[in-house]
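Visitor: What follows is each chain in one-letter form.
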Amino acid sequence: MLNTTYGFIPWDDAHHPELSQTNGETDGRWIFINGNNTPRVARIDLTTFETAEIIEIPNSGGNHSSPFTTENTEYIVAGTRFSVPYPQQDVAIDTYKENFKGMLTFIKVSDEGHMEIAFQVLLPAFDYDLAHSGKGKSHGWTFFTTYNTEEDYTLKEVTASQNDKDFIAAINWKKAEEYIAQGKYKEIPADHYNNRYNERTHMTDSELRKTVKVLTPEECPGLVYFLPTPKSPHGVDVDPTGEYIIGNGKLSADLTVHSFTNMLSAIENEEFETTIAGVPVLQYDKVVGGVVTKPGLGPLHTEFDNDGNAYTTFFISSEVVKWKVGTWEVLDRIPTYYSVGHLMIPGGDSKKPDGKYLVALNKITKDRYLPTGPEMNHSAQLYDISGDKMKLLLDFPTIGEPHYAQGIAASKVKPNSKKFYPIEENEHPYAALGEKQTRVEREGNIVHVYMTSIRSHFAPDNIEGIKVGDEVFVHLTNLEQDFDVPHGLAIQGAQNAELLVMPGQTETMYWKPQREGVFPFYCTDFCSALHQEMQGYIRVSPRGSNTPLKWSTGHPDEES
Amino acid sequence: MTKPRTLILLAGSLMAALFIWPLWKITLLAPQYPDGVHMHIYIDKIGGATKGTLQNVNILNHYIGMKAITPESIPELKYMPPIVILFMALALFVAFIDKKWMYWFWIILLSITLMIGLYDFYLWEYDYGHSLDPKAPMKFEGESFQPPLIGRKEIINFTAISMPHIGGCFLIISFLLGSFATYIKSKSSTIILS
Numbered sequence: 001m002l003n004t005t006y007g008f009i010p011w012d013d014a015h016h017p018e019l020s021q022t023n024g025e026t027d028g029r030w031i032f033i034n035g036n037n038t039p040r041v042a043r044i045d046l047t048t049f050e051t052a053e054i055i056e057i058p059n060s061g062g063n064h065s066s067p068f069t070t071e072n073t074e075y076i077v078a079g080t081r082f083s084v085p086y087p088q089q090d091v092a093i094d095t096y097k098e099n100f101k102g103m104l105t106f107i108k109v110s111d112e113g114h115m116e117i118a119f120q121v122l123l124p125a126f127d128y129d130l131a132h133s134g135k136g137k138s139h140g141w142t143f144f145t146t147y148n149t150e151e152d153y154t155l156k157e158v159t160a161s162q163n164d165k166d167f168i169a170a171i172n173w174k175k176a177e178e179y180i181a182q183g184k185y186k187e188i189p190a191d192h193y194n195n196r197y198n199e200r201t202h203m204t205d206s207e208l209r210k211t212v213k214v215l216t217p218e219e220c221p222g223l224v225y226f227l228p229t230p231k232s233p234h235g236v237d238v239d240p241t242g243e244y245i246i247g248n249g250k251l252s253a254d255l256t257v258h259s260f261t262n263m264l265s266a267i268e269n270e271e272f273e274t275t276i277a278g279v280p281v282l283q284y285d286k287v288v289g290g291v292v293t294k295p296g297l298g299p300l301h302t303e304f305d306n307d308g309n310a311y312t313t314f315f316i317s318s319e320v321v322k323w324k325v326g327t328w329e330v331l332d333r334i335p336t337y338y339s340v341g342h343l344m345i346p347g348g349d350s351k352k353p354d355g356k357y358l359v360a361l362n363k364i365t366k367d368r369y370l371p372t373g374p375e376m377n378h379s380a381q382l383y384d385i386s387g388d389k390m391k392l393l394l395d396f397p398t399i400g401e402p403h404y405a406q407g408i409a410a411s412k413v414k415p416n417s418k419k420f421y422p423i424e425e426n427e428h429p430y431a432a433l434g435e436k437q438t439r440v441e442r443e444g445n446i447v448h449v450y451m452t453s454i455r456s457h458f459a460p461d462n463i464e465g466i467k468v469g470d471e472v473f474v475h476l477t478n479l480e481q482d483f484d485v486p487h488g489l490a491i492q493g494a495q496n497a498e499l500l501v502m503p504g505q506t507e508t509m510y511w512k513p514q515r516e517g518v519f520p521f522y523c524t525d526f527c528s529a530l531h532q533e534m535q536g537y538i539r540v541s542p543r544g545s546n547t548p549l550k551w552s553t554g555h556p557d558e559e560s
Numbered sequence: 001m002t003k004p005r006t007l008i009l010l011a012g013s014l015m016a017a018l019f020i021w022p023l024w025k026i027t028l029l030a031p032q033y034p035d036g037v038h039m040h041i042y043i044d045k046i047g048g049a050t051k052g053t054l055q056n057v058n059i060l061n062h063y064i065g066m067k068a069i070t071p072e073s074i075p076e077l078k079y080m081p082p083i084v085i086l087f088m089a090l091a092l093f094v095a096f097i098d099k100k101w102m103y104w105f106w107i108i109l110l111s112i113t114l115m116i117g118l119y120d121f122y123l124w125e126y127d128y129g130h131s132l133d134p135k136a137p138m139k140f141e142g143e144s145f146q147p148p149l150i151g152r153k154e155i156i157n158f159t160a161i162s163m164p165h166i167g168g169c170f171l172i173i174s175f176l177l178g179s180f181a182t183y184i185k186s187k188s189s190t191i192i193l194s
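From first to last, the protein sequence lines are chains V and W.
No gaps in the numbering here: position 350 of the first sequence is 350 in our numbering, and each next residue is one more.
No gaps in the numbering here: position 76 of the second sequence is 76 in our numbering, and each next residue is one more.
Next comes chain V alone, as it looks inside the complex:
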């Protein structure tokens, strides 16, 4: 699953989980999440809460404005936070303005959830920070915030904070579909991997895709517009009606709200300030729908309840501020602990918010908990927002920065939750679908162990005839067909992680025995009253020895 054009990359920097939607409402099918460092998007299947697919994003420098969805999960998006040379090449960094570009990617999601890159939009070398798609009347558009419209490449904390206004890039993806249909794209080489987990073989199909279709604003008029927005806007959030587009200008004293209706009429009347790289810049006065004046310091993100209220986080002043959409008046404010980033209201970024609770996700903890050295647990707060005044319900520690979250009614997910994989559907080529099929086979120095686990033993649990220098593949099938009974496998000296095998699943451990001796292996997932007894031994003989291949479970004289 972790295969990329750079090879196996076992970690990434995840920021934004995003639930799939139908008709603008969360539907409980999947949750997507971005990988920022090696640009990727993963789809997690909510029947198993396991990663079902990962797609790599080419022509991207850092996949931050991702993976925000459209109203019916037609697309999820992946905008690059760091612009990079296009095409990627060896150039001087100070040729940034001429050689660097920012690419916005639209990933098509099929009814089965499969992800393929539909097209990419080539834009100036800004930093594309966050995104949200339109809904209702603005369905068909996706909005991306930008900073560093200065297009600088060093000491960005200063150089990228000079312009009074940066932009929200509005992409008309329905228009993009027309241009694709008309063939107005350039198909360019762009190697990227698509990794899909197969629930029947319990293995991943990793396939290389070689090209992407790129659209450029010069050749596709009406595809992209820039909405001037003060100042280095971070989050861009669309209210449940789809009319208002909130630009959370993190260095601005005020909160700017654009009107979708105004935007359409400004486009129609060609009320443009200027044009940048083929992208018309709309006149600020013509698109702005309202301003929340001096609500707090450092606005980052806004979500909504179902009563027409908006809730914005303020990083610098560490608070959540509640304000009225349409009148722009501030209604309430409550402190967070400390330096809040995202906030989450279940469905708070969808057409149908479930506005009873709000979670504030913080960046800094300081004095909330007992110190544990230089690094602290992080913190989040749960608020009740059902009344006029927000109320703190719970202040809780989290391991790692609680960056963003999604919330959904359990009733949308629970009925589809898988309890185990039916063993009769297991098509893993090395599965042992019963203890009678367990065996050890040698092909040269490759050894395949067909092993099973069931409470509370492995079969086989004694293996002999393995030699130093062999490459051993232990294929463990968990024969259990009961909910919540995984079994694990760890072998002393194995250089990769333990296995955790769900009921009905087969997983493979690769082990290269380094020295002779007898090595224990055991179940690492507390499975039963006799879990501690769930163990076995593998005898490793010297290279070139004649120890016969042997495997067994239990004493032979006791077998009936």
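Honestly, the hints are just simulated from the structure, not real lab data.
Worth double-checking, as some hints may not be accurate.
Said to hold, decoys possible - Simulated restraints on C-beta separations: (1) F396(V) to I173(W): 52 to 60 Å; (2) T70(W) to N198(V): 29 to 37 Å; (3) E441(V) to D44(W): 33 to 41 Å.
Said to hold, decoys possible - Under 8 Å between C-beta atoms, here's a sample of chain V residues computed to sit facing chain W: (4) V330; (5) P422; (6) I454; (7) R455; (8) D525; (9) A529; (10) H531.
We treat Cβ as the ideally placed atom computed from N, Cα and C, and that holds for glycine.
Fit chain W to the known structure of chain V by using the hints.
Guide: Only chain W this time, still in chain V's reference frame:
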């Protein structure tokens, strides 16, 4: 006149339910099994609420040394279907000939069969509950693991409930209909005789 014939025909036909639904159900309840473990005993097989039920019951049982329940080793699962078919055919025959003694024959034969069946079920339960492997990982002195014949019983951390299932309920209705048919037939015959 035709009422007892209809009733005995109905009694015979309802037994077909035994080929669709389980005769009996044994349920094990414990907090860590929120859905319960429901073992279904059919006339020809042993199943459960899920495909893995029998395996899960056997996993639980092996800790205390109970024998694994293997449907192949229970001959009754082979005998029962022909016996049920026999009773269905006999019911048809009784309705066709419509003689009082035949009604009595059918219902008495069914009563004896049911009693033998229940006793046989008890023997199996006794055997499973008492013939424990001396090498069992866990031993509980004086504890009986025999499930109840009918009703509920606490067995270590489980509550075991043994009850007729849908097929079994149809069998009970068959028995009641057959008895009623015999009763009416006897009464009407008596009237004619007197």
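Visitor: Would you mind marking each hint as holding or not holding in the structure?
Guide: Verification of the hints:
{"no.": "1", "hint": "F396(V) to I173(W): 52 to 60 Å", "in the structure": "holds, 57 Å"}
{"no.": "2", "hint": "T70(W) to N198(V): 29 to 37 Å", "in the structure": "holds, 33 Å"}
{"no.": "3", "hint": "E441(V) to D44(W): 33 to 41 Å", "in the structure": "holds, 38 Å"}
{"no.": "4", "hint": "V330", "in the structure": "violated, 47 Å"}
{"no.": "5", "hint": "P422", "in the structure": "holds, 7 Å"}
{"no.": "6", "hint": "I454", "in the structure": "holds, 7 Å"}
{"no.": "7", "hint": "R455", "in the structure": "holds, 5 Å"}
{"no.": "8", "hint": "D525", "in the structure": "violated, 15 Å"}
{"no.": "9", "hint": "A529", "in the structure": "holds, 6 Å"}
{"no.": "10", "hint": "H531", "in the structure": "violated, 12 Å"}
Comparing the model with each numbered hint stated earlier shows that hints 4, 8, 10 do not hold.
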